[in-house]
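Novice: Protein chains in written order, with the numbering used here: chain A, 1 to 309; chain B, 1 to 483; chain C, 1 to 249.
To be clear, the hints were calculated from the coordinates, so they are not data collected in a lab.
There's no promise every hint is true.
[As the list claims (entries may be wrong)] If you want the ones that stay clear, here's a sample from chain A, every Cβ over 10 Å from chain C, calculated: (1) Met1; (2) Ala26; (3) Val136; (4) Gly159; (5) Gly160; (6) Gly169; (7) Ser206.
[Said to hold, decoys possible] Below 25 Å or equal to it, Euclidean Cα-Cα: the simulated BS3-like pairs (lysine-lysine) are: (8) C/Lys16 x C/Lys32; (9) C/Lys50 x C/Lys243; (10) C/Lys16 x B/Lys333; (11) C/Lys145 x A/Lys195; (12) A/Lys273 x C/Lys54; (13) C/Lys219 x A/Lys270; (14) C/Lys16 x C/Lys219; (15) A/Lys177 x C/Lys32; (16) B/Lys466 x B/Lys454.
Keep in mind that this is a model prediction, so the values were computed, not measured.
A virtual CB, placed ideally from N, CA and C, is assigned to each residue, including glycine.
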Amino acid sequence: MSILVIAEHDNAALKAATLNAVGAAAKIGGDIHVLVAGQGAQAVAEAAAKVAGVSKVLLADDAAYAHPLPENVSPLVVNLAKGYGHVLAAASSEGKNLLPRVAALLDVAAISDITGVVSPDTFERPIYAGNAIATVKSADPIKVVTVRTTAFEAAAATGGSATVETIAGTGETGSAKFVGQELTKSERPELTQAKIVVSGGRGMQSGDNFKLLEALADTLGAAVGASRAAVDAGFVPNDYQVGQTGKIVAPELYIAVGISGAIQHLAGMKDSKVIVAINKDEEAPIFQVADYGLVADLFKAVPELQQAL
Amino acid sequence: MSNDTLITGRPDFATAVLAPIHAIVGDRGLITDPGTMQPFMESWRDGWVGRSPAVVLPDSTEALAAVVRICAETRTPIVPQGGNTGLTGASQPHADGSEIVISTNRLNRIREIDIDNDTMTVEAGCILANIQNAARDIGRLFPMSLAAEGSCQIGGNIATNAGGVQVVRYGNMRNLVAGLEVVLPDGRIWDGLRGLRKDNAGYDMKQIFIGSEGTLGIVTAAVLKLSPLPRATATALVAVSAPSDAVDLLTRAKGVAGDRIITFELIQRDCIDVARRHVPDVPDPLRDRYPWYVLVELADQDGGNRLMEMLEGILEAGMEAGEVLDGVVAASKAQADSLWRIREGIPEGQKREGVSFKHDVSVPISRVARFLDRANAALERECPGIRPFAFGHLGDGNIHFNPIQAEGGDPAEWKAKLATVNAIVHDIVVDLGGSISAEHGIGRLRIDEMPRYKSPVELDMMATLKRAFDPHNIMNPGKILRA
Amino acid sequence: MKILVPVKRVVDYNVKIRVKADGSGVETANVKMSMNPFDEIAVEEAVRLKEAGKATEVIVVTVGPTAAQETLRTALAMGADRGILVQTDAETQPLAVAKVLKALVEKEGPTLVILGKQAIDDDCNQTGQMLAALLGWPQGTFASKVVPGEGSLTVTREIDGGLETVQLTLPAVVTADLRLNEPRYASLPNIMKAKKKPIETLAPDALGVDVAPRLTTLKVAEPAKRKAGVKVADVAALVDKLKNEARAI
Ligand SMILES: Cc1cc2nc3c(=O)[nH]c(=O)nc-3n(C[C@H](O)[C@H](O)[C@H](O)COP(=O)(O)OP(=O)(O)OC[C@H]3O[C@@H](n4cnc5c(N)ncnc54)[C@H](O)[C@@H]3O)c2cc1C
Ligand SMILES: Cc1cc2nc3c(=O)[nH]c(=O)nc-3n(C[C@H](O)[C@H](O)[C@H](O)COP(=O)(O)OP(=O)(O)OC[C@H]3O[C@@H](n4cnc5c(N)ncnc54)[C@H](O)[C@@H]3O)c2cc1C
Ligand SMILES: Cc1cc2nc3c(=O)[nH]c(=O)nc-3n(C[C@H](O)[C@H](O)[C@H](O)COP(=O)(O)OP(=O)(O)OC[C@H]3O[C@@H](n4cnc5c(N)ncnc54)[C@H](O)[C@@H]3O)c2cc1C
Numbered sequence: 001m002s003i004l005v006i007a008e009h010d011n012a013a014l015k016a017a018t019l020n021a022v023g024a025a026a027k028i029g030g031d032i033h034v035l036v037a038g039q040g041a042q043a044v045a046e047a048a049a050k051v052a053g054v055s056k057v058l059l060a061d062d063a064a065y066a067h068p069l070p071e072n073v074s075p076l077v078v079n080l081a082k083g084y085g086h087v088l089a090a091a092s093s094e095g096k097n098l099l100p101r102v103a104a105l106l107d108v109a110a111i112s113d114i115t116g117v118v119s120p121d122t123f124e125r126p127i128y129a130g131n132a133i134a135t136v137k138s139a140d141p142i143k144v145v146t147v148r149t150t151a152f153e154a155a156a157a158t159g160g161s162a163t164v165e166t167i168a169g170t171g172e173t174g175s176a177k178f179v180g181q182e183l184t185k186s187e188r189p190e191l192t193q194a195k196i197v198v199s200g201g202r203g204m205q206s207g208d209n210f211k212l213l214e215a216l217a218d219t220l221g222a223a224v225g226a227s228r229a230a231v232d233a234g235f236v237p238n239d240y241q242v243g244q245t246g247k248i249v250a251p252e253l254y255i256a257v258g259i260s261g262a263i264q265h266l267a268g269m270k271d272s273k274v275i276v277a278i279n280k281d282e283e284a285p286i287f288q289v290a291d292y293g294l295v296a297d298l299f300k301a302v303p304e305l306q307q308a309l
Numbered sequence: 001m002s003n004d005t006l007i008t009g010r011p012d013f014a015t016a017v018l019a020p021i022h023a024i025v026g027d028r029g030l031i032t033d034p035g036t037m038q039p040f041m042e043s044w045r046d047g048w049v050g051r052s053p054a055v056v057l058p059d060s061t062e063a064l065a066a067v068v069r070i071c072a073e074t075r076t077p078i079v080p081q082g083g084n085t086g087l088t089g090a091s092q093p094h095a096d097g098s099e100i101v102i103s104t105n106r107l108n109r110i111r112e113i114d115i116d117n118d119t120m121t122v123e124a125g126c127i128l129a130n131i132q133n134a135a136r137d138i139g140r141l142f143p144m145s146l147a148a149e150g151s152c153q154i155g156g157n158i159a160t161n162a163g164g165v166q167v168v169r170y171g172n173m174r175n176l177v178a179g180l181e182v183v184l185p186d187g188r189i190w191d192g193l194r195g196l197r198k199d200n201a202g203y204d205m206k207q208i209f210i211g212s213e214g215t216l217g218i219v220t221a222a223v224l225k226l227s228p229l230p231r232a233t234a235t236a237l238v239a240v241s242a243p244s245d246a247v248d249l250l251t252r253a254k255g256v257a258g259d260r261i262i263t264f265e266l267i268q269r270d271c272i273d274v275a276r277r278h279v280p281d282v283p284d285p286l287r288d289r290y291p292w293y294v295l296v297e298l299a300d301q302d303g304g305n306r307l308m309e310m311l312e313g314i315l316e317a318g319m320e321a322g323e324v325l326d327g328v329v330a331a332s333k334a335q336a337d338s339l340w341r342i343r344e345g346i347p348e349g350q351k352r353e354g355v356s357f358k359h360d361v362s363v364p365i366s367r368v369a370r371f372l373d374r375a376n377a378a379l380e381r382e383c384p385g386i387r388p389f390a391f392g393h394l395g396d397g398n399i400h401f402n403p404i405q406a407e408g409g410d411p412a413e414w415k416a417k418l419a420t421v422n423a424i425v426h427d428i429v430v431d432l433g434g435s436i437s438a439e440h441g442i443g444r445l446r447i448d449e450m451p452r453y454k455s456p457v458e459l460d461m462m463a464t465l466k467r468a469f470d471p472h473n474i475m476n477p478g479k480i481l482r483a
Numbered sequence: 001m002k003i004l005v006p007v008k009r010v011v012d013y014n015v016k017i018r019v020k021a022d023g024s025g026v027e028t029a030n031v032k033m034s035m036n037p038f039d040e041i042a043v044e045e046a047v048r049l050k051e052a053g054k055a056t057e058v059i060v061v062t063v064g065p066t067a068a069q070e071t072l073r074t075a076l077a078m079g080a081d082r083g084i085l086v087q088t089d090a091e092t093q094p095l096a097v098a099k100v101l102k103a104l105v106e107k108e109g110p111t112l113v114i115l116g117k118q119a120i121d122d123d124c125n126q127t128g129q130m131l132a133a134l135l136g137w138p139q140g141t142f143a144s145k146v147v148p149g150e151g152s153l154t155v156t157r158e159i160d161g162g163l164e165t166v167q168l169t170l171p172a173v174v175t176a177d178l179r180l181n182e183p184r185y186a187s188l189p190n191i192m193k194a195k196k197k198p199i200e201t202l203a204p205d206a207l208g209v210d211v212a213p214r215l216t217t218l219k220v221a222e223p224a225k226r227k228a229g230v231k232v233a234d235v236a237a238l239v240d241k242l243k244n245e246a247r248a249i
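Isolated chain A (complex conformation) (with noise of 0.2 Å):
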């Protein structure tokens, strides 16, 4: 049976989570058709059709489907999925809006998040915020999937050559409709809602030697953050304080700069993905809990970490 990866896009261009949806799809195995709902998505289309394993490219162009209204796209969905296997998505927001609707549609059950396939019917998903994973299996005719695009490889953007096949639109239901969109400007972010934070603490004696971590911030993306010496020592304001009597935050990429490591800072910063630690003191207890730990005077490797970024 052949599986329908569900694009996601903005009618110009193709978004890498649909890579990852593709390589998820080559796991399972079996023909990838690519799906591009959109308005004026020629673009796209022809994107989805140069990723390597996709053997076919269905293009709906149709003023319904401006904006990825799950109101308006299921249906769509809905009707080409009976010819599938399995209907794949990305877990992003996009996603995961649409295909628990199609799912409930065809009467089948959704699997979202996948992390592994096991085989083409059974999956590992992660449940309990990652604390545990489960290994399900469906019985349903059509699985229709949401892939997590950080645990799958994502499939070369080059390198294939499908070909575009145009179908028609199913209209519009009109009980839903695009008002706006505000997508975040990536200035320094605010603590808790950044991707990367940067923490200094005691070890970075001065707030004027917190310049090197704003700049270092600002290469990435990152926000700024400190402990509590750092914040009692005056070096910042208390606003920047990570911590148990401080902000709790859990980015994708926590860097410790100069930080021990006590019990109440981890309290604040230890849910991060991926810790980075830097510090003179190979027995500091910030090295316990990170994932890349690297002994060194912060005055020197700072600068060149932001050179080498």
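Let chain A serve as the given structure and place chains B and C with the ligands on it in line with the hints.
Specialist: Same frame as chain A, now just chains B and C with the ligands:
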């Protein structure tokens, strides 16, 4: 090693003291660089700053004892230090730079866990939170709990006979210690690591060291008593109009819940405001403002919803009796943790709020309300404009009575009133049969008030004890007692 | 307008879960259970709409075991008017729950259903979308703001990289995201009042719904342990690891 000039009257400090210590503890165990020593010199709060030529960090009892022997021979005074979170200036050296600091930071192993005996043998430098977690991992509770638990060490808890937020149920540190290992001021090691609940073979020596604030010896390890881990907890924040109503509610709660009450904290409204001003994510869960609040938590071994129903029953009855004005009950652990954030945010908030006059006092629970009324009235007479500020462990009669200077007043002027304020408050405390230090100890903070509030007999017993253990006065001198 | 708020009883958010040794699931015996946090937000939003005079009645419903009544009581103490327990001891999967809810919608006639965007136990993030599909209603998922208008609802949604605003024709389904509001604590007087509010118990059969699971869980395992951290030799090695191993930059 250029700091030896700090040592008064010891020109050979580097060769006679530091070099032999270095030979024992090595590079990792000795800090003399002022920058790196700084965190060991300063107090968490209240601005105690000391100086010292060296911080020594032995990593075994034997090494620590050897260091103390050198100090004893050379009459070098010692400040024992744990997590350095103490609030009485007991864990920092004096400003004259005559003392070395011996830190237990590297004595941080859990030596043994005995599940059947419900005990755990730990080294003095283990951080309290790590001990709590190790107990939880084996399905037990180590019930000592206080806001500094992520930094304070069990040795410091023992040396201060720490209290905290669960004393009403589990007692203070003294109740949680089964045995001790101590290095005496002459460098001998006393191995009293007995995990016994009954041991009447002579004097109970461990009790002498518990609460002695490092003046009689250095605790290097302890056997701790563990309790069953509660399966259920129920937490509420309730509003009352006066402390006397809070006391009535406590008595009512004891009648129904008995020792399921693990926390019963009294909180003045202003404390919540200060916590919210300075600490992120402190909630204000009640719709209206009330003058006083109680944070109450019950715990027991039954799972299920029974405990919650019990708590709601107590509070509803309290409401009908007029003791309780309003309240919220945590519907989830997240909400309970959030309510705790109020309590835990108070010391933090107050630290950032400005000049305040701290008192860690206890009176019999039945007299807490009277104490607050009398003390606030007397202060308002003597220091008009002073802002009442009180919270604390009502369940064991311990109030942190920390009034704040008048709004907009000149901090210097207010600082000058410290002795007056202390005398007013402490006179009332003692008149009501209370103590001028409920849980933090005497250290340097209260040392000069001791003669006013302790009888000559009591002071003489203490001095005799001190001389017996530490004839040369090298163990944390100038703390608790003047030489 | 009536608002229906489905809520789920789950292992408390702040409890560290344990995977059962036999791999059959997660330990739930003797574990603190609470309302799914996203559902608390949904209840709060519904109660606020009622307090603002935009809604007439808030009905909370849960599909689950008898003990899930506690969760309904919590919602009632927050200000919901009455509760419905659809009693089943079976594992509840989103499609089945959506079908039960559809039956209840047909029975109760709400104009709006607000529910949490996902349950923190199975992390499915499906029920709201499925219910909207079955009803043929529009959906405002991952809502961070909900503004009722004349016969419509303007919903601000949290999407990857920012916010999106959609206008939905009522009736509609909304799923609540974290920033929609901060749920209140149940106050004592309201807890007392909630004890007197009605809870109706129904069986899935009575609603004509088959709740049998469609997915079989073959096993539940601990996640791969966080790899022990490594020390890197220099900045170049660090950058290499971050780029190629962790893919964090
Ligand atoms: C009740 C309470 C609440 C608290 N809440 C918080 C909180 O919310 N957040 C918080 O952070 N802390 C909190 N603390 C304080 C906490 O216990 C620690 O004291 C604090 O986190 C230490 O900060 P630090 O790591 O910057 O300083 P230190 O512990 O002094 O560590 C400085 C580190 O910098 C390294 N260093 C120095 N110079 C250099 C250099 N040139 N190059 C590389 N490395 C260098 C050193 O090796 C050392 O490891 C709290 C404490 C208490 C008692
Ligand atoms: C049948 C029986 C059962 C027992 N069961 C137990 C038991 O289960 N647990 C247990 O612990 N003991 C038990 N005992 C021992 C005894 O009863 C206890 O030790 C009890 O506490 C002694 O109290 P007493 O008043 O008889 O003291 P005494 O026998 O008069 O004195 C005991 C010691 O205390 C001193 N002493 C007495 N009064 C004072 C005072 N006011 N000030 C200073 N020192 C004083 C005495 O000098 C002596 O050293 C038992 C004894 C008997 C006969
Ligand atoms: C935010 C905050 C909240 C607090 N809340 C409470 C509370 O609720 N209840 C309470 O009781 N206290 C409280 N405290 C005070 C303090 O945390 C306790 O006194 C704690 O027990 C001190 O432990 P420490 O390891 O930090 O000791 P330190 O501050 O290092 O030392 C305290 C004293 O013990 C001596 N000492 C330390 N280690 C040893 C040792 N191994 N052998 C011999 N002597 C030693 C020191 O010389 C000093 O005299 C609080 C402090 C803070 C900062």
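Novice: Looking back at the hints listed earlier, which ones does the structure fail to meet?
Specialist: Failing hints, ascending: 3, 9, 12, 13, 15.
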